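> Chains as they are written, first to last, in our numbering: chain A, 222 to 318; chain B, 222 to 318; chain C, 222 to 318; chain D, 222 to 318.
Since the hints were made in silico from the structure, they are not lab data.
Please note that a few of the clues may not be correct.
For chains that are exact copies, the list does not tell them apart, and a pair is met inside one copy or across any two.
[Said to hold, decoys possible] In silico EDC-like pairs for lysine to aspartate or glutamate, Cα to Cα no more than 16 Å straight-line: (1) LYS299 - GLU284; (2) LYS299 - GLU246; (3) LYS308 - GLU284; (4) LYS299 - ASP267.
Note that this is a predicted model, so its numbers are computed, not measured.
Protein chains: 4
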Amino acid sequence: MIAEFSIVPIGLGESLSAHVARAFEVIESSGVAFEHHAMGTNLEGDWDEVMDVIKACRDSLLETSGRVSLSIKIDDRKGTRNRLERKVESARRKMQH
Amino acid sequence: MIAEFSIVPIGLGESLSAHVARAFEVIESSGVAFEHHAMGTNLEGDWDEVMDVIKACRDSLLETSGRVSLSIKIDDRKGTRNRLERKVESARRKMQH
Amino acid sequence: MIAEFSIVPIGLGESLSAHVARAFEVIESSGVAFEHHAMGTNLEGDWDEVMDVIKACRDSLLETSGRVSLSIKIDDRKGTRNRLERKVESARRKMQH
Amino acid sequence: MIAEFSIVPIGLGESLSAHVARAFEVIESSGVAFEHHAMGTNLEGDWDEVMDVIKACRDSLLETSGRVSLSIKIDDRKGTRNRLERKVESARRKMQH
Chain A
222 MIAEFSIVPI GLGESLSAHV ARAFEVIESS GVAFEHHAMG TNLEGDWDEV MDVIKACRDS
282 LLETSGRVSL SIKIDDRKGT RNRLERKVES ARRKMQH
Chain B
222 MIAEFSIVPI GLGESLSAHV ARAFEVIESS GVAFEHHAMG TNLEGDWDEV MDVIKACRDS
282 LLETSGRVSL SIKIDDRKGT RNRLERKVES ARRKMQH
Chain C
222 MIAEFSIVPI GLGESLSAHV ARAFEVIESS GVAFEHHAMG TNLEGDWDEV MDVIKACRDS
282 LLETSGRVSL SIKIDDRKGT RNRLERKVES ARRKMQH
Chain D
222 MIAEFSIVPI GLGESLSAHV ARAFEVIESS GVAFEHHAMG TNLEGDWDEV MDVIKACRDS
282 LLETSGRVSL SIKIDDRKGT RNRLERKVES ARRKMQH
């Protein structure tokens, strides 16, 4: 499955990049396939693998923040793999121009 | 923490209520505090309790659908409980009129 | 269509209920059908009606906050009306027990 | 502001790439800055510019589908521009290793 998620500490100020950097460290040391973009990170793997990474990011941010907000979107399709890059390519091939 | 989630099988037709009914059965037999509304269900509990319910709903829908889409939004605030009904009330008390 | 949305000012502290109260005032004076719940508000109406309310909430919060985060989820089904309460009821009728 | 969105027709089958391709055509001919990724598209611009593109994608998909589901996430920060690529870079610079 592919999951996109973003995590925001509430009440730690308007600049979030230092907190996002800590989440990046958790994600990039996890071994799970990932793709960062401007609004979150996409992960690909089994349910438990992916959810373990998201939980570890949440645990890390709760060390310094009393409240965190998470958003997770999942596309779970049986029998598929390596879709992280192929999904955009697959749609692009079907464009008319 | 409070989590809101919704789950949609992709490719099984336009009417979703029978599939939502199966998710309701999983949710309501789980023992976790819940609140259904027109766009999803809110759950309150620990991370693992809540995520186990969501995973069980996904497993149930994947029995009949080859592809499911999930959306999860989490508000995780340390040291709080019983917020499922209190959050709306808390804001309403601060309204000016 | 039905839209669910939530809005959070980033960097104004951990307690959000006073800000949510201001959004409630905008929503409840708009004339658009609404349903508050613990994780957001559901609105029902045409695209422009609903988006005007959401934009007005965002404008209101940006008066006091330099950064706001919004989450919007839309279920747009042709030829349907008055689904705000009926969606839960419709699924419940199909439950097996 | 930056907005991420994804749009899914409900009931048109399990493969969505042809529908996504139509949304890509709307997005890429709009003139608004965009970034496609595996779980959606990020757009950067004013509220009205961005929402006009999303509405045009929805209108396009409703021509062939009776029901569409949209998910929109917005990060609206006053006085900022050109954040589509800079957000990831900004967090990466703050990583410890």
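> Evaluate LYS299 and GLU284 at a C-alpha cut-off of 16 Å and name the case that applies: within, between, both or neither.
between (36 Å within a copy, 10 Å between copies)
> Measure nothing new, just compare the shortest in-copy and cross-copy C-alpha distances for LYS308 and GLU284 to 16 Å and report within, between, both or neither.
neither (35 Å within a copy, 23 Å between copies)
> For LYS299 and GLU246, with the copy left unspecified, which applies at a CA distance of at most 16 Å: within, between, both, or neither?
neither (29 Å within a copy, 23 Å between copies)
> One pair to classify: LYS299 and ASP267, alpha carbons no more than 16 Å apart. Within, between, both, or neither?
So LYS299 and ASP267 pass the 16 Å test inside one copy only (11 Å; across, 28 Å).
The structure does not agree with the numbered hints 2, 3 stated previously, though it agrees with the rest.
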